[in-house]
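Engineer: One letter stands for each residue in the lines below.
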Amino acid sequence: MTRLDEAAVVEMLRGIEAGDAEARARLIAALQPELRACADRLMRGQPTGHTLQPTALVNEAYLKLFADDGPCFGNRRHLMVAAATAMRRILIDHARGKSTFKRQPDGERLALDSVLLSYEDTGIDLLATDEALSGLAEFDAEMARVAELRIFVGLPLDEISVLEGIPLRTLERRWSVARAWMMGRML
Amino acid sequence: MERGARLDDGQDALKPERWQRLQELFLHAISLPDEARATFADDLDEADRDLLDDLRRMLQVHQAAVEGTGPFGKLPAEDRLIGVQLGDYRIDTPLGQGGSGTVYRATQVSRDRAVAVKVLRPGISISRAGYERFKREALAASRLRHPNLVPVYYFGRDEGHDYLVMELVEGLNLRDQLLRCRGLEAGAEPASPPDLRDPRACATIVRDLARALDHAHQQRLLHRDVKPLNILLDAQGIPRLTDFGLAKDLELEDLTLSGEVAGTPHYMSPEQARAARHRIDHRSDIYSLGAVLYEMLSGRTPVAGETTAEVIHNILHQPVVPLQRQNSAVPAALALICMQALRRNPARRYQSAGALADDLDSFLANRSVMARAQGIAERAVERLVDRRVLLRLIPIAAVLGISAGGLIYYGADRVHANSLRPRVEVYVIGDRDAEVSYLPLDGRHLPAGPAIELGRARDGRLSAQAVPLGDARIIVRTDDGAFSEHYRSFAEGETVTVTAHPRSLAQTDAGMARFEATSVESRELLSEPPAHGAAESREPLRIPAFGIDEACVTNREYSAFLEATGKPAPDRWSPGWLRLWAFPPREDWLELPVVGIDFPDALEYAEWAGKRLPTALELELARGAYDDAGAWVERALGGDAVGPFNLGLPELGKLDPSQDLSTGAAYVLYARPAREATLVPGARIHHAVGNVGEWTETRAGAQRRTKFDAWFTEVSPRGAHLLLFCEGTMFDERGSQNQGFRCARSLGW
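Heads up: the protein sequence lines correspond to chains L and G, in order.
For what it's worth, my numbering labels the leading residue of the first sequence as 1, then goes sequentially.
For what it's worth, my numbering labels the leading residue of the second sequence as 1, then goes sequentially.
Facing chain L, from chain G, some residues (calculated, C-beta under 7 angstroms):
| id | residue |
| --- | --- |
| 1 | A13 |
| 2 | P16 |
| 3 | H62 |
With a straight-line Cα cutoff of 25 angstroms, these simulated SDA-like cross-link-like pairs (lysine to any residue) come out:
| id | chain 1 | residue 1 | chain 2 | residue 2 |
| --- | --- | --- | --- | --- |
| 4 | G | K567 | G | R579 |
| 5 | G | K567 | G | P584 |
| 6 | G | K15 | L | F139 |
| 7 | G | K15 | L | W175 |
| 8 | G | K15 | L | E172 |
| 9 | G | K15 | L | A144 |
| 10 | G | K15 | L | M186 |
Note that these hints are calculated values from the structure, not bench results.
Note that CB positions come from ideal geometry on N, CA and C, so glycine has one too.
Using the sequences and the accompanying hints, generate a full structural model.
Structural biologist: If you want it as structure tokens, here you go:
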């Protein structure tokens, strides 16, 4: 697995900035192995039964990609949004038990199991959440993106408010509605 | 896949305008009182009937929502343990959730009494060693008996759950009480005591908790997780510390491995944040309790941060903002106690929780605080009646604008206030004798008055001397003409240590440009508050003679400094950055200006080199911002400039402002060697602008202390272009990735 280098990521981010729709898909695809590798690394040496938070995974991947201060603001947003989508795909694939990686290292499998567990611990059914999220995306793409960042990266709302440029109060209000809608769908 | 099937029960996706309507209806509904909300959905207009099902479900969710800690936010808790009996204990209702498990109200069946049962999070104690340790800790905790500790009754394992039985304390935790008190109107009383808006109430609570901690520490038991959620307030408002010593070791392991801890890291001590487990002792609890006090008094945690990683970074690298700057209404003595508990170095904190409690007692009794901790009040009395000292204080009094007579009265009557005076002690390397003086600085770091003689360091030492509050330079002069100067900010109650390494001018002269004393026009700085309030005079500013390095400190020079002092590379140099050092991406790497330096590091280098940092005015003067008559040259510049960009002048044509390079990447691509040709007409030094950012000594505002000149992107209807913009830009003491510095030296004052 070749490791992503910062230059390649910056290139893709710039593509996204320039409105290249494929660049986003490429970045999401490229982030998946990186996130898995981070999961593997973080899980090594952990006691059994340990649970990993998705935030730790994404932070680790982010730090690995941008060892210094990281790309400027606009790019961080694209990266986080892409990471959220990548994280969602990995976890949903994993939850469905049909990971596309044939030889999934033990550490990685354990790590993803433990991330799933961390959702279960808090009572979240990921597959149902995923479906509800897809439903939401059909009529409110913006809140669907917020939901991805909130659920699959674990970003706090105030950070999302900065990333998405939505005033915090507005975001809190809209998110409370979107969340209620999603959870209502899962009842 | 099957699990999601119920979602596809023939419902079409909402149209955006229906979604809009649904949002309105829901927000309206939840603003209604309970009974009106219950019937709201039934009375929907015909036109909104299509939304009925969604709205009902949403309101059902809303009704059921309880506080949760999941990534989803508030969630309805579905708890399989309710009604289950673990050993002798029947689980009744959940009380709250913490990092290591959930606490329930439960009934001890055999004695029919209410207790609290904490069920440890599955997995947290799954390893045998972990289990044994919890058991040991629980046993130890069960032996603790103190009125301010929640006693542990029993530790058991049943139905695959490890659980801990504690006394049930009816009441709020400190976090909730804080929130409640904060939300009150000025005159209103909280529903239950204590009123945490009263600093004395806060001091009393923390005093009680410190006594409890002291008791535990004497039994060699650490808490390790002192935070508002673990402090319960009973009906009388008496604080009770709970959750002793549990699960914290494992969480710390988690922390080092994954960067995640269960629960909040805001109250962690620096040594905990560093995960230096072998170094954690009872003083870590003292820090955490200090952090709780800080939050009670200021409404903020001593370190900020959104994410765990950020909080941990800040604990390790950001100084705690002095409490009184957060809330000037906090009594000075109490603020001082709190700050002493929060010292980064455990050796500078209270050395026992008992000492902290004693000092809080002193505060509550209106006695002089710190007396027990440092024993300086008596010495302060002696010093004040000592005539020689009095004479020495008169110039200080002049600076402070108080009369000497007032000072004597003040000194005789209010001794404890003087114990809050900042002090400076000086060590001179090589045990040399030296004259030590104090040069007060104004907001621009120009001398704010004559230098005050503090005394003579003999055999390399001048014992602690009281000095005025504020920014100043401590100037150390040996008899043979060597000197050193040390910029320090003196806050109430602090004793500042200066280690001086005086050098002669001949030793530091090489590579410095000299400037004679001169006057320049006073400008309104857009980005800085006026130095002395709004009514600042527009008198020309007189800048004393100084020398300034012609070039920024280079990578070569900085690494020589690290080698010579044995200092490790700055913490904030990431692994990626260190890789660049190992495999330089450019041949001229060592000649590039060093970057990624925070303010304290820059200061340390400068003093090591026998210099100081330049003031903002000196830097401006040296790079040609003023003409010979002292007039500001670049007054015409300005506009809607945004985003400082320090790097990239040589690539002016190429640099696309929309190109979001990381700062590190921009440095590698565009930074220029520190000693390349002077860039700005009129400048006598290299690159004071347009290369890396530079620290200056000048404080800008309350907390941030640098200013650097930079290229900015100007955005106007004509498009975006780059422009040289010479106003200061503030950063905190960390600075940015492209932050470097150069040194200067006073040639007069």
